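Sequences listed follow chains X and E, in order. For the first sequence, my numbering assigns the number 1 to the initial residue and increments by one for each residue that follows. For the second sequence, my numbering assigns the number 1 to the initial residue and increments by one for each residue that follows.
No lab work stands behind these hints: they were computed from the structure. Errors might be hidden in some of the hints.
It does not matter which identical chain is meant; a pair holds if it fits inside one copy or across any two.
Stated by the list, open to error - Computed cross-link-like contacts, DSBU-like style, restricted to lysine-lysine with a CA-CA straight-line distance of at most 35 Å:
1) K458 <-> K39
2) K321 <-> K35
3) K343 <-> K494
4) K191 <-> K387
5) K91 <-> K39
6) K321 <-> K458
7) K91 <-> K485
8) K91 <-> K321
9) K321 <-> K343
10) K191 <-> K106
11) K387 <-> K343
12) K219 <-> K191
13) K35 <-> K219
14) K494 <-> K142
15) K35 <-> K458
16) K485 <-> K458
17) K494 <-> K389
18) K142 <-> K219
19) K494 <-> K436
20) K485 <-> K343
21) K106 <-> K476
22) K219 <-> K98
23) K321 <-> K90
24) K90 <-> K219
25) K321 <-> K471
Bear in mind the structure is a predicted one, so any value in this text is a computation, not a measurement.
The residues making up each chain are set out below.
Number of protein chains: 2
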Amino acid sequence: MAAIEEQIQSFREYVRRMIDYKSAIALLGWDARTKLPRKGVEARSQVIGTLSTEYFSMSTSNTMGDYLTTLLVHEQDLDPVLQRTIEVLKKDFDRMSKIQVDRYEKFIVLTNTAQTVWEEAKATNDFAMFEPYLASIVDFQKEFIGYWGYEGHPYNTLLDAFEPDMTVDILDQLFAGLRQDTVALLSEIEKAQPIDDTVLSRHFDVERQREFCQHVLRKIGYDLEAGRLDESGHPFATGIAPGDVRITTRFLADFLSTSIFGVIHESGHAMYEQAIGENLRSTPLHDGASMGIHESQSRFWENIVGRSYAFWQYFYGDLQKMFPEQLADITLDQFHRAINVAKPSLIRTEADELTYNLHIMIRYEIEKGLIDGSMAVHDLPQIWRSKMKEYLGIEPPNDAEGVLQDIHWSTGDFGYFPSYSLGNIYSAQLAHAMQKELPDFDAMIARGEFAPIATWLKQHIHQHGRLLTPKQLIEKATHEPSDAKYLVAYLNDKYRTVYGI
Amino acid sequence: MAAIEEQIQSFREYVRRMIDYKSAIALLGWDARTKLPRKGVEARSQVIGTLSTEYFSMSTSNTMGDYLTTLLVHEQDLDPVLQRTIEVLKKDFDRMSKIQVDRYEKFIVLTNTAQTVWEEAKATNDFAMFEPYLASIVDFQKEFIGYWGYEGHPYNTLLDAFEPDMTVDILDQLFAGLRQDTVALLSEIEKAQPIDDTVLSRHFDVERQREFCQHVLRKIGYDLEAGRLDESGHPFATGIAPGDVRITTRFLADFLSTSIFGVIHESGHAMYEQAIGENLRSTPLHDGASMGIHESQSRFWENIVGRSYAFWQYFYGDLQKMFPEQLADITLDQFHRAINVAKPSLIRTEADELTYNLHIMIRYEIEKGLIDGSMAVHDLPQIWRSKMKEYLGIEPPNDAEGVLQDIHWSTGDFGYFPSYSLGNIYSAQLAHAMQKELPDFDAMIARGEFAPIATWLKQHIHQHGRLLTPKQLIEKATHEPSDAKYLVAYLNDKYRTVYGI
């Protein structure tokens, strides 16, 4: 056992080094998006490339292979953190080992080029320019699936990379009811009296927006001594290390929602990582359990808490004090309705809470179709338009605002989109379970008491990091498998009240 | 030759990776000093440690040894950049190879602890607490010198680490005349009418200071698209990569000089690195030639340009517009004199341009004495006081403001201090050579034309990076060896005018 103890020690050290590389890469990325001077961009890409290559080498090296083989023999004797660390690393190792290095490198070169081509294609509204690249990327996905193998639908193995254990069968079921109900609810909303949300587009001084956002962050429990708020073109949250989880936002003088709800959203991601257990430090488990679980945290805070009536019962007075001229004539009720308008729109990232999932379903269906061969890349613009028409009742006037709008396909991230809606589904289910244990939920929020919510989330989700799978987390926290009915009920409840229908 | 071409290619790639690590380490360090949240400090140290270890391993690896051996055989066939790259890396390799790993690790552990102890010793004014650590560090220096060997004085090999080719003989000679003249000039100044510099301690709005500093930076030629200005407790400049050379400063509402002259000083460092030749990219030559040459650039801009009458002929109007109330009653002459007060003081980092070198000489003499055994660590407080009395005419009331004031000895940086004064000596000599080629020097500055100065510096110093040694740079640029007489003449000229003596 002495030899194995040494192996474990050496493995821990090896993994710690990998995580340190990841931390450096995260900082290099954060800086590139928030602080990096223009002329430093080229050199920065090279540095990130060098460290990423090293990280990748370490995770697929013979050394790693030997560690995994040796330690798996003794798996039963290892503590749960070590067991799960090995499991998580082995999954990456196996996946990568099945792809020949030259094929993987070709894929990386392709996606790097494809991103640039996509940017130009989007800017010039020219799908034909992007089409051959997308076709090659889809071919690569199919090739990789061939190496990896799959059960059921070939798309399952792509899903699994972002949301472990998720399958087309489960997703189809989750989405079916959600889609039907959303479309029905949306058509009722469209018949109701429209809500005036022009107040959100009045002029709001950016410095004051910043101040208000900091105030909200402090109150809801984002630890500014273990993170910071900066600005970037596309807001994001990034966990650089334990005690250093940063968020960014964008301040628009003529649209208040961008900063406030962006900040609450990103802080949801960040509070998750800030609360991961110390026992997972310097392991790959000091991370979110999956993209879907991560998104459930940001959506929970942004929508279920941040757009609730109770939240603004507490904060609206402060906001009015900050912007007395802009908000003097707007009641709490009016404000709450303004931030909860639901309306079909073309761009996913600007969509409201209700219609957002329809945007995701379109992408999910297209990805499935491309992977199982029932759709061709060439037909996507037309497929896109007809699905938009079917689900949202509107059609993009051009491909830039249609099939070309998202970066994901150019980077080869097939299987990612469903995570966004899974986040919504999980968030409502978690909220339902939480409210059973915290029946005072709304009243607490209205009093500005967020600590019990943070404690519940920490206990059931955050502290576990990636020690448990998404499925285990949801089932332990809510005592049942994922179910979209809670999201359906929440959306109905909210929008029927907001629109008086 | 095909095999050697391949070796060269592979060596270049290896070195490029090393430089990428260095760039990541530089960013991690910059961030730690400017942006890092408090709770992220511990994890950050670990990440920096991991990458530094990797960098160190690469520079002392068998792979590096093999490259150097193989390529040195073909040295004559290599281009000058490659030749010098090999020379520079071989110097580090040889130095490190001569120290056994366990001794080096012990030294690193010692200095890490010693820094903490030093901080506490300084805070509590307790030299005895620091004494045993300093004694051990001195012993290590002597041990290392034993491995490295030396010619002439044992201190020479320590000097050489910071200022290649510099020796005790040369330094003693440079310092002797400078000390004598400085002490004499200082005693004349002390008899002259004192200058009123209280204007600098009026209240200056920090935002406006920032704006003015940005204005100065733009005018003198610091490229803000290849760098940025941030705030930190101790101002510094750091070259993160080509196109990314950042500076920091400190803004004090009740002392104007800190930000303005700090910013000009750091931009001198930064403009140096911003102008290093593209041909040196991704090699260790994309760096300053030495600490002394680096300091010559910051001192040149801060003192010779930034504290000149001509500089304020151009900028004082702008400064007055920025601070009309504070400066309405102060003429250009009065302002120029206020920023050029010379007065003995206790703390090196706060010393003026004239007395600064005396602080350095005290440290230099002590370091020499400790290394050659003519002084004992135990006696340093007393030695410090008597030298302060002799050179500056004042004595510190305690060791915190005396022998304990600097961090350098706790980090084991023996041989570093002289670089600061070498910077002053070089800067005056370079200015003298420059003024022969740009006879319009003062008038140009008074007109706000800084480009010819930047061009001269780029041509003679900056572009060469570390391709040439300090000695080569100075002799090529000024057509003679380093000589302190230019600094002496400059100081006399300036202070006799300022004080009317």
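So, going through the hints one by one against the coordinates:
Proximity of K458 and K39 under a CA criterion of 35 Å is satisfied inter-copy only: 19 Å between copies versus 42 Å inside one chain copy. For the homomeric pair K321 and K35, the shortest alpha-carbon distances inside one copy (32 Å) and between copies (30 Å) are both at most 35 Å. With identical chains, the CA atoms of K343 and K494 are at most 35 Å apart within one copy only, with a shortest distance of 14 Å there and 73 Å across copies. Taking the shortest Cα distances, K191 and K387 sit within 35 Å of each other inside one copy (22 Å), while across copies they are farther apart (90 Å).
In the homo-oligomer, the alpha carbons of K91 and K39 lie at most 35 Å apart only across protomers (32 Å), although the nearest pairing inside one protomer, at 39 Å, exceeds that limit. When the C-alpha separation of K321 and K458 is checked against a cutoff of 35 Å, the pair qualifies only within one copy, where the shortest distance is 33 Å, while the shortest distance between copies is 55 Å. With identical chains, the CA atoms of K91 and K485 are at most 35 Å apart within one copy only, with a shortest distance of 32 Å there and 69 Å across copies. When the C-alpha separation of K91 and K321 is checked against a cutoff of 35 Å, the pair qualifies neither within a copy, at 53 Å, nor between copies, at 65 Å.
Proximity of K321 and K343 under a CA criterion of 35 Å is satisfied intra-copy only: 30 Å inside one chain copy versus 52 Å between copies. Taking identical chains as interchangeable, the C-alpha atoms of K191 and K106 are never at most 35 Å apart, the minima being 52 Å within one chain and 77 Å between chains. For the homomeric pair K387 and K343, the shortest alpha-carbon distance inside one copy (16 Å) is at most 35 Å, but the shortest distance between copies (80 Å) is not. For the identical chains of this complex, K219 and K191 are neighbours neither inside a copy (38 Å) nor across copies (61 Å), given an alpha-carbon limit of 35 Å.
In this homomeric assembly, K35 and K219 come within 35 Å of each other (Cα to Cα) both inside a single copy, at 27 Å, and across copies, at 22 Å. For a Cα distance limit of 35 Å, the shortest separation of K494 from K142 qualifies neither inside one copy, at 41 Å, nor across copies, at 76 Å. In the homo-oligomer, the alpha carbons of K35 and K458 lie at most 35 Å apart both inside one protomer (31 Å) and across protomers (27 Å), since each shortest distance falls under that limit. With identical chains, the CA atoms of K485 and K458 are at most 35 Å apart within one copy only, with a shortest distance of 24 Å there and 69 Å across copies.
When the C-alpha separation of K494 and K389 is checked against a cutoff of 35 Å, the pair qualifies only within one copy, where the shortest distance is 25 Å, while the shortest distance between copies is 79 Å. For the identical chains of this complex, K142 and K219 are neighbours neither inside a copy (47 Å) nor across copies (57 Å), given an alpha-carbon limit of 35 Å. In this assembly of identical chains, K494 and K436 lie within 35 Å of each other by CA distance solely inside one copy; the values are 18 Å within and 79 Å between copies. With identical chains, the CA atoms of K485 and K343 are at most 35 Å apart within one copy only, with a shortest distance of 22 Å there and 79 Å across copies.
Taking CA atoms no more than 35 Å apart as the test, K106 paired with K476 passes in neither setting, with 42 Å inside one copy and 49 Å between copies. With identical chains, the CA atoms of K219 and K98 are never at most 35 Å apart, being 48 Å at best within one copy and 57 Å at best between copies. When the C-alpha separation of K321 and K90 is checked against a cutoff of 35 Å, the pair qualifies neither within a copy, at 54 Å, nor between copies, at 66 Å. Neither within a single protomer nor between protomers do K90 and K219 lie at most 35 Å apart by alpha-carbon distance, with minima of 40 Å and 56 Å respectively.
When the C-alpha separation of K321 and K471 is checked against a cutoff of 35 Å, the pair qualifies neither within a copy, at 44 Å, nor between copies, at 65 Å.
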